[in-house]
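*Asks:* Throw the hints in and build the complete structure from the sequences for me.
Quick note, in our numbering, the sequence shown goes up one by one and the last residue is 207.
Some clues are possibly wrong.
[Claimed, not checked] Restraint-style ranges between C-beta atoms, simulated for each label pair:
1. Ile196 - Asn147: 13 to 23 Å
2. Leu139 - Lys172: 12 to 22 Å
3. Tyr176 - Met138: 16 to 26 Å
4. Thr204 - Thr143: 14 to 24 Å
5. Thr143 - Tyr176: 12 to 22 Å
6. Asp169 - Val189: 27 to 37 Å
In case anyone wonders, no lab produced these hints; they're calculated from the structure.
Backbone N, C-alpha and C define an ideal beta-carbon position, used for all residues, glycine too.
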Amino acid sequence: MLVTVTVTKNEVLRGLNKKEDFILAVVEIDGDNAKTLCYVQSPFFCEPDFGVTSINYNIDELLTRGTFIG
138 MLVTVTVTKN
148 EVLRGLNKKE
158 DFILAVVEID
168 GDNAKTLCYV
178 QSPFFCEPDF
188 GVTSINYNID
198 ELLTRGTFIG
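*Replies:* Written out as structure tokens, the structure reads:
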């Protein structure tokens, strides 16, 4: 099963415009508890097309570029 994370266009634009200040935090939840935490620096590569409001990213691909905490 493909698992995705949805990011808004505004979040992508912020990440592209402030690369040095933007870190995407991905948290896997198990019931009521956080299972894993991963920080992804510079997660985005290009600006979304006009009219796009959000983008779904493959979570496994994002996690390969991140740093796991804990």
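*Asks:* Determine whether the Cβ-Cβ distance between threonine 204 and threonine 143 falls within the hinted range of 14 to 24 Å.
*Replies:* Distance hint for threonine 204, threonine 143 holds at roughly 22 Å.
*Asks:* Are isoleucine 196 and asparagine 147 spaced within 13 to 23 Å by their CB atoms?
*Replies:* holds, 20 Å
*Asks:* For the range 12 to 22 Å, tell me whether the beta carbons of threonine 143 and tyrosine 176 fit it or not.
*Replies:* Given about 18 Å between the Cβ atoms, the range holds.
*Asks:* Does the beta carbon distance between aspartate 169 and valine 189 stay inside 27 to 37 Å, or does it fall outside?
*Replies:* With a Cβ separation near 33 Å, aspartate 169 and valine 189 satisfy 27 to 37 Å, so the hint holds.
*Asks:* Could one say that the CB atoms of leucine 139 and lysine 172 fall in the range 12 to 22 Å?
*Replies:* holds, 19 Å
*Asks:* Honestly, do tyrosine 176 and methionine 138 meet the 16 to 26 Å range at C-beta?
*Replies:* holds, 24 Å
Checked against the numbered hints given earlier, the structure satisfies every one of them.
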